[in-house]
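Visitor: Read off the chains here:
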Amino acid sequence: MTGAVPAVVCAAVCPSPPLLAPELTGHGDVLPGLRAACAAAVARLLAADPDVVVVAGAGSATATWDPDGRLDLSAYAPALSAGGKPGLPLALGLGVMLLDTAGYAGPRVLQAVGDQAPAAECLGLGASLRGLAPRVGLLAMGDGSARRGVAAPGHLDVRAARFDASVECALRDGDMAALAALDPDLARDLLATGRAVWQVLAGAMGAGGAAGIPAGQVLYADAPLGVGYLVAVLGPLSHEVDS
Amino acid sequence: MTGATGPREPGPLVLHGRTFPPGRLLVMAIVNRTPDSFYRPGLTWDEGAALERVHQVVAEGADILDVGGVPAKPGEEVTAEEEIRRVVPFIAAVRAAYPDLVISADTWRHEVGRAACEAGADLLNDTWGGWDPELTEVAAEFGAGLVCSHAGGLPPRTRPFRVSYPDVMADVLDRVLGLADRALRAGVRPTGIVIDPAHDFGKNTWHSLEITRRLGELTATGWPVLMSASRKDFVGETLGAGIEDRLSGTLAVTAVGAWLGARIFRAHDVAQTRHALDMVAAVRGDLVPARTVRGLA
Chain A
1 MTGAVPAVVC
11 AAVCPSPPLL
21 APELTGHGDV
31 LPGLRAACAA
41 AVARLLAADP
51 DVVVVAGAGS
61 ATATWDPDGR
71 LDLSAYAPAL
81 SAGGKPGLPL
91 ALGLGVMLLD
101 TAGYAGPRVL
111 QAVGDQAPAA
121 ECLGLGASLR
131 GLAPRVGLLA
141 MGDGSARRGV
151 AAPGHLDVRA
161 ARFDASVECA
171 LRDGDMAALA
181 ALDPDLARDL
191 LATGRAVWQV
201 LAGAMGAGGA
211 AGIPAGQVLY
221 ADAPLGVGYL
231 VAVLGPLSHE
241 VDS
Chain B
1 MTGATGPREP
11 GPLVLHGRTF
21 PPGRLLVMAI
31 VNRTPDSFYR
41 PGLTWDEGAA
51 LERVHQVVAE
61 GADILDVGGV
71 PAKPGEEVTA
81 EEEIRRVVPF
91 IAAVRAAYPD
101 LVISADTWRH
111 EVGRAACEAG
121 ADLLNDTWGG
131 WDPELTEVAA
141 EFGAGLVCSH
151 AGGLPPRTRP
161 FRVSYPDVMA
171 DVLDRVLGLA
181 DRALRAGVRP
191 TGIVIDPAHD
201 FGKNTWHSLE
211 ITRRLGELTA
221 TGWPVLMSAS
231 RKDFVGETLG
241 AGIEDRLSGT
251 LAVTAVGAWL
261 GARIFRAHDV
271 AQTRHALDMV
281 AAVRGDLVPA
291 RTVRGLA
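So the sequences go chain by chain: A and B. According to the working numbering, the first sequence holds residues 1 to 243 in order. According to the working numbering, the second sequence holds residues 1 to 297 in order.
By construction, these hints were calculated from the structure, which means they are not laboratory data. Don't take each hint at face value.
[Claimed, not checked] In silico SDA-like cross-links for lysine to any residue, where the CA-CA straight-line distance does not exceed 25 Å:
{"id": "1", "chain 1": "A", "residue 1": "Lys-85", "chain 2": "B", "residue 2": "Val-288"}
{"id": "2", "chain 1": "A", "residue 1": "Lys-85", "chain 2": "A", "residue 2": "Arg-70"}
{"id": "3", "chain 1": "B", "residue 1": "Lys-73", "chain 2": "B", "residue 2": "Glu-111"}
{"id": "4", "chain 1": "B", "residue 1": "Lys-73", "chain 2": "B", "residue 2": "Ala-50"}
{"id": "5", "chain 1": "B", "residue 1": "Lys-73", "chain 2": "B", "residue 2": "Glu-244"}
{"id": "6", "chain 1": "A", "residue 1": "Lys-85", "chain 2": "A", "residue 2": "Val-109"}
{"id": "7", "chain 1": "A", "residue 1": "Lys-85", "chain 2": "B", "residue 2": "Gly-285"}
{"id": "8", "chain 1": "A", "residue 1": "Lys-85", "chain 2": "B", "residue 2": "Leu-296"}
{"id": "9", "chain 1": "B", "residue 1": "Lys-73", "chain 2": "B", "residue 2": "Arg-53"}
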């Protein structure tokens with residue numbers, strides 16, 4: 001017989017730009033490739049049959065949010081509202097949108113991660129998520145640098161592409177130690193708001209543990225509008241052990 | 001029967017079997033089958049050129065085509081027979097080419113209106129304010145729409161001469177609502193009745209500016225309001241601009257009219273008018289922008 005150790009069985013990594021919400025972008029289909037990749041990553045996450053999905057996304061402070069909360073776009077387009085449900089920080093709201101769109105109706109934990117949280121705190125937070133259920137699914141909503149070109153929101157920083165590429169590599173290689181080692185000061189300089197969330201991911205996957213994790217699959221890595229968008233899937237991972 | 005004089009709930013406009021809800025802003029493209037209209041005279045006198053313009057304005061987003069055969073200004077007489085010769089075969093040709101397009105006939109004469117409806121016209125644009133009462137009966141008979149306009153009581157093809165009103169907007173309201181009421185009583189479809197203050201018709205520039213400023217009083221009646229201001233003299237006199245330089249002024253007036261609730265805009269410059277109206281609709285929250293990514297990446 002087998003017994004399950006509480007663990008993250010699968011993680012999906014998606015960016016959290018407002019434009020992921022179709023309501024914000026007008027008639028045109030904006031970045032359909034990015035949207036499709038996010039949907040595919042979430043589908044893979046849900047296919048791993050998690051008992052609970054943790055959505056981790058950048059917020060002004062580390063805190064858990066009401067699981068009934070919904071995406072609130074009113075601060076971006078005043079005519080849009082959260083429809084009476086409690087409004088969430090953008091990244092969490094977009095994660096919820098992706099889950100809802102995928103038809104997920106199971107339990108969810110909405111975890112905001114303070115964007116200035118130190119790496120150790122993020123890793124610890126991630127590790128604590130593993131104990132939430134026998135099979136934890138993690139949707140990590142985080143963005144690369146907003147300085148990927150002269151037309152980027154933060155204009156060009158020549159270090160930005162290298163930084164984003166290092167994250168892409170880490171995800172592809174399952175190298176959680178590399179995510180754990182991301183420099184918060186550099187990330188802040190580069191307007192890479194995903195740093196803290198990626199370090200939560202690293203903690204959740206067991207960065208620094210003896211066992212490495214299998215290679216991830218990167219579904220999207222580009223910066224069509226000057227912001228680095230990364231979509232990836234880590235897992236499904238087997239944590240079954242003989243007893 | 002409900003009279004036209006009291007305010008009514010704004011409802012859909014139905015033309016050619018197509019339903020246009022109150023928030024929808026419609027461009028009515030001008031196609032003159034005349035050699036001597038005021039803007040670019042003779043541009044579409046040739047039938048081939050006129051059809052070419054139809055193709056163009058449809059591509060540019062026109063919702064309605066307004067075909068006229070007699071210029072508004074005084075000039076050589078155009079008989080009803082000649083007017084029919086100018087517009088009716090053309091309307092038939094447009095109808096054949098564009099089965100779904102709403103076609104309007106710009107005429108004050110019932111004989112022309114009848115022939116136009118038989119050829120496929122859906123709306124009778126009676127710019128001269130009910131000069132020929134029988135035109136209303138034609139609209140009723142064919143189920144066509146009817147534009148009820150204020151021309152200050154002037155006979156067709158005359159210019160205002162020292163025209164004065166104690167209150168021009170009151171006169172406009174009185175006239176167009178009276179015509180709408182008459183149309184209702186004659187059996188014209190309520191969903192086909194449109195009112196038009198008719199800028200410049202029986203008005204000096206001050207009058208036209210006043211009716212633009214107070215257009216909300218007209219739209220508050222609930223009837224769909226047609227605004228016909230394209231490159232007109234009141235724009236030219238206001239800006240000191242010749243006919244070729246009146247587009248920006250026209251678009252400004254168009255935007256004001258749309259903001260105040262007008263629903264149909266008769267225009268020479270279709271693409272630009274479409275853009276101006278789409279912009280107003282988006283500001284109003286009635287139109288979703290084409291593509292928005294600024295600040296959202």
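Visitor: Each hint should be assessed against the structure and marked as holding or not.
Guide: Results of checking the hints against the structure:
| no. | hint | in the structure |
| --- | --- | --- |
| 1 | A:Lys-85 to B:Val-288 | 24 Å, holds |
| 2 | A:Lys-85 to A:Arg-70 | 6 Å, holds |
| 3 | B:Lys-73 to B:Glu-111 | 21 Å, holds |
| 4 | B:Lys-73 to B:Ala-50 | 21 Å, holds |
| 5 | B:Lys-73 to B:Glu-244 | 18 Å, holds |
| 6 | A:Lys-85 to A:Val-109 | 16 Å, holds |
| 7 | A:Lys-85 to B:Gly-285 | 23 Å, holds |
| 8 | A:Lys-85 to B:Leu-296 | 23 Å, holds |
| 9 | B:Lys-73 to B:Arg-53 | 23 Å, holds |
Figure legend: structure checked against the earlier numbered hints; every hint is met.
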